[in-house]
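There are 4 protein chains.
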Amino acid sequence: MTKLKIAVLGASGYTGADLIRLALLHPQMEIVALSGERKAGQAVDAVWPHFKAYPLPDLVTAESIDFSQVDAVFGCLPHATSQQIIRQIFEGPNPPKVIDLSADFRLRDPATYEQWYGNPHAALELQGEAVYGLTEHAREQLRSARLVACPGCYPTAALLALIPLLQNRLITPRNITINALSGVSGAGRSLKEANLFAEVAEAMHPYGLGHHRHMPEIEQELGKAAGEPLYISFTPHLVPINRGELETITVELTDGQSADSLREALAQRYADEPFVHVLPKGVAPATRMVRGSNHCVINVFPDRIPGRAIVVSAIDNLVKGSSGQAIQNFNVMFGLPETMGLEQAPLFP
Amino acid sequence: MTKLKIAVLGASGYTGADLIRLALLHPQMEIVALSGERKAGQAVDAVWPHFKAYPLPDLVTAESIDFSQVDAVFGCLPHATSQQIIRQIFEGPNPPKVIDLSADFRLRDPATYEQWYGNPHAALELQGEAVYGLTEHAREQLRSARLVACPGCYPTAALLALIPLLQNRLITPRNITINALSGVSGAGRSLKEANLFAEVAEAMHPYGLGHHRHMPEIEQELGKAAGEPLYISFTPHLVPINRGELETITVELTDGQSADSLREALAQRYADEPFVHVLPKGVAPATRMVRGSNHCVINVFPDRIPGRAIVVSAIDNLVKGSSGQAIQNFNVMFGLPETMGLEQAPLFP
Amino acid sequence: MTKLKIAVLGASGYTGADLIRLALLHPQMEIVALSGERKAGQAVDAVWPHFKAYPLPDLVTAESIDFSQVDAVFGCLPHATSQQIIRQIFEGPNPPKVIDLSADFRLRDPATYEQWYGNPHAALELQGEAVYGLTEHAREQLRSARLVACPGCYPTAALLALIPLLQNRLITPRNITINALSGVSGAGRSLKEANLFAEVAEAMHPYGLGHHRHMPEIEQELGKAAGEPLYISFTPHLVPINRGELETITVELTDGQSADSLREALAQRYADEPFVHVLPKGVAPATRMVRGSNHCVINVFPDRIPGRAIVVSAIDNLVKGSSGQAIQNFNVMFGLPETMGLEQAPLFP
Amino acid sequence: MTKLKIAVLGASGYTGADLIRLALLHPQMEIVALSGERKAGQAVDAVWPHFKAYPLPDLVTAESIDFSQVDAVFGCLPHATSQQIIRQIFEGPNPPKVIDLSADFRLRDPATYEQWYGNPHAALELQGEAVYGLTEHAREQLRSARLVACPGCYPTAALLALIPLLQNRLITPRNITINALSGVSGAGRSLKEANLFAEVAEAMHPYGLGHHRHMPEIEQELGKAAGEPLYISFTPHLVPINRGELETITVELTDGQSADSLREALAQRYADEPFVHVLPKGVAPATRMVRGSNHCVINVFPDRIPGRAIVVSAIDNLVKGSSGQAIQNFNVMFGLPETMGLEQAPLFP
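So the sequence lines, in the order shown, correspond to chains A, B, C and D.
Taking our numbering, I'd label the letters of the first sequence as residues 1 to 349.
Taking our numbering, I'd label the letters of the second sequence as residues 1 to 349.
Taking our numbering, I'd label the letters of the third sequence as residues 1 to 349.
Taking our numbering, I'd label the letters of the fourth sequence as residues 1 to 349.
One copy or any two copies: either way a pair holds, since identical chains are not told apart in the list.
Restricting the straight-line Cα-Cα distance to at most 27 Å, the calculated cross-link-like pairs of lysine-lysine (DSS-like) are:
| hint | residue 1 | residue 2 |
| --- | --- | --- |
| 1 | K224 | K97 |
| 2 | K192 | K39 |
| 3 | K192 | K281 |
| 4 | K39 | K281 |
Simulated from the structure, these hints should not be mistaken for laboratory data.
Pulled out of the complex, with its shape left as it was, chain A reads as follows:
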């Protein structure tokens, strides 16, 4: 069987690198093009020495890629740039399917996009067409999609935990309070003082308080699940690890519900899912349970405040929160087994 030809745009960032790592192990993927605007012309192992042992094409500009010869494009570009290149791809002949990891096609409402990202959207029809690719909740649409917007890392961990609870009215849409912790790879490879080792190590702090761009995305999808608009509280924190994302979420129970009933509902919902695991009662999710893998672990605990519960969810931000979920979507879009290329167990210690 012929492998599917893929191109990775933005291969010089951490997300691009993790996509390459996973694609190298995928038996049906052939990497035919890698773009990196500022590093075009360089060999991959000049940018990513850890790929030295693997044959990979040199980095090129996105413009130089013949997309008509490609089956699928993974977009790991910054927002705003993404929408322009992806529009051009679809305007070309014989366009490939596009799995976009940027924020550009996640938000349904153009005004919301513009408000949070600061630029008017340049590909409105595509924005309307894109499938929001939280795999476990979007399989049917994914099968026929030509453009998939992969969820942000924070939204992935939150939505997997909360959507079933809202859909089944086990929790109210009020006062959902998400405290999130993230490793530093989520901030990307760009040169900012705040990301220097000596600033981050042996330290921690919240950021984006009250105005992080993943907020409207979470609200959009939770609102859909709840059947009504809602506001969430969301506070991310930077923690000195490379990979990992953990969300501790307090929720209000509807009548008759409890931490146990929520856990049971999630366990049933995800019983057949290969990547989402509800832990036994009392076991706290930890990022070390998922490091380097596409897994998500979830659990629910009683809150000391009556009528509430605490939901905890952990993923690897670069895998299930980004490149792994993108490949999971690719598998669905191309009719492959969903776990293909994603079978690796977590790396611990």
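Since the structure of chain A is already known, use the hints to place chains B, C and D on it.
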């Protein structure tokens, strides 16, 4: 002027070590005795090589100390053990003042103590007499106290931020939700698999969900401030750093209040405090601002959920959360300048 | 094709866990038994929560395993224990092949073993028979071996770099000075104060100065390559990372040699090796180039002292330094492609 | 008594920050000016939030400082820039004493300077006049110096360990091999991809192999001690910690010497030194013994190669390796007790 003679009980734990570190710099303290039951007979630098350059007495058993020759005792022992030794100290001749860093004298209600700590209290009169030593809110009682119960590390960060808000009815006593992050030194030097480097590094997870022992302590003091009993939600997380504690707290505003009015109220309340600092609008507290020091930094942010705000508080768990506050209390108890021995600036990077 | 049935002895240590991780991805391996004496009876995910998503047999005692039904045994037990169990395995009916990761069968000379490990060897014939499994230098013997002693982690990094240089007389056997840095997973999961997070983090120190047990092993194999006995200088250091081993080795050049000629010789020797990579001139080996993978990266640099060079070698101590090399040996022993199950690219960041 | 007025040039780097931290605790120092070219006009706590609680002057340009009103200047500027500003300072009226932490005045030979730093020296007379400020070996000259060149961090750890051994002919000047490990703060606060958290964490690698700029400095001072020119082998490694420097040095013994005799000689030489400590036989120096302090710990071990020994030395690169030693020099230059302001014990954990 003659220095005050101090003894440190439990000098082989991290809290004891940080107390020694600070005492060495205190111009009015002379360390005359250090106890460590299992390490009695050893030189301090066998247990703590970083003190090699400093002349310190060898470790002894607590029983072998002549407390009548000591001005102040710092208790860094585990709970249950603390109350027994401290009772004996006060039964002896010419007893010193005692600053206890354990949990034994923090809770007012014997039944609550027994429920959360599993043993009946063995020194009930002392429990009733002890002053809860959150320095900024207990100065008057501290001046005449002979027994001070230093707050736990998590309570310290939470109470400094919340007490003024509750006392002034700027927030409601409902739905106070505390998400806390702590460095690993808070878990002590005991041998547990969960505290091994390879388990903790490059990882993070919540623990004690719904049943951490600092809960009743926070509730007791917040209830006092609110004038009514209350329940809090409190979820601590283990983060791979040595020192530092950060709490991100969502609160419900009372009518007419806002993040700005809360910040302003805290700024006024702590304007003259040497160790509590309300940051300028928009600046997120970070543990790197306080590492190794007795400072606490606080700020308030608007929450996206209307009618709520986010309060953030950061301390060094071993200093303001433990040994530093103990010395601050010592200074008040002995009529010394409150900052004596605590002037060191944070260590960054 | 039927998979090969494997048993992992000592599955509750980090080495055992990494062997399971790799075996799960190996298309020709079926894990049929896992032993862990103190944790016998427990489910694997109670000991290793990161394997929750994978079906694995519960832990049992080694004695309870029917080794006649197993094709290969991986021994991840402590030294001394290993030799006893492995002798019993070979005394049983239809014994499997054994790949031992302990130190018990590495040393050829019983007296040397007893001197460094403190106990007389209990399986002398097996000690004589075992193949020292540095794969790239032992393939022929491995094909017919029934007992393989996998090299220690430090020896692996040193020997891959130095054997070709000594065999070809490019360096002298004198004054080989190995400075080694290791992550903490190498110390295992046992409860020692020295391995606690708060002791190790934000710190580093040498250990085993002048008497580390990997010394005689390195000397044995280097002596074989040099054709004469030799002494090495070897100083390992503990560094606060989970995985990774880096060795910086100064060597004396023989006449006419240079850093360039050494690099060229190594590049030629390893040109066709899938896991050993000589880097381009000037590129320093780094553990991030190999994390989580079976790769080794090597380079050579001029020393400022005339007549010497600096050889640098990096591996992941748990993979090429332990479980990965064990599986590589397994592949050779069973006639499988040598890279099977080991194709995963390094995990970075 | 009036305090001495000091200015810190380059106060926006990590070295400058640590100098401020220490100066704040120094009873005879008053910080009257802080320069930071690119951050001139900013408040200190905008650049260094951890100094929020301390009254400090805003950052200004170096040009705007009236040096005639200053008693001492600490130069924390990059090389080349340093020499120009310091020349101007000495050309002005009533010049202060200058303690320079850059590399500009460390090398005696202008040609060596130009070769290693790439620019001709712009203040040759000052270069000739400057005292090389390894305090323990330069006290007499320091007392009357007006310009002191503080040693680099790597040289400090190496020279303290080796100078007495060479001076007393206990080791030969041949084959001195220094393997050094350093925390990341030594790389400064400049924006380089190599210093990003995600690049450095959970990783380690050597750098500057064969051409690090601290080499000629170490050779100059060791050559002086040996009475003859010499070459050293020096390989620094980057380790994921903030602070700390550890050097493991193999040396050749002269006739009749041993590890024990070397340790004894060092112990005698440093017996009265407040900051240099020779550890008991068998105790390995560790950076956690000195973190945040001005101490240096040293020990000597037998090497397995006959006729050699291993010398290990540990410091905090920002304190004894930089700002602490600068203040120690300041104390000597102004006739103050040498430990003034440097009494703080190490911070552990």
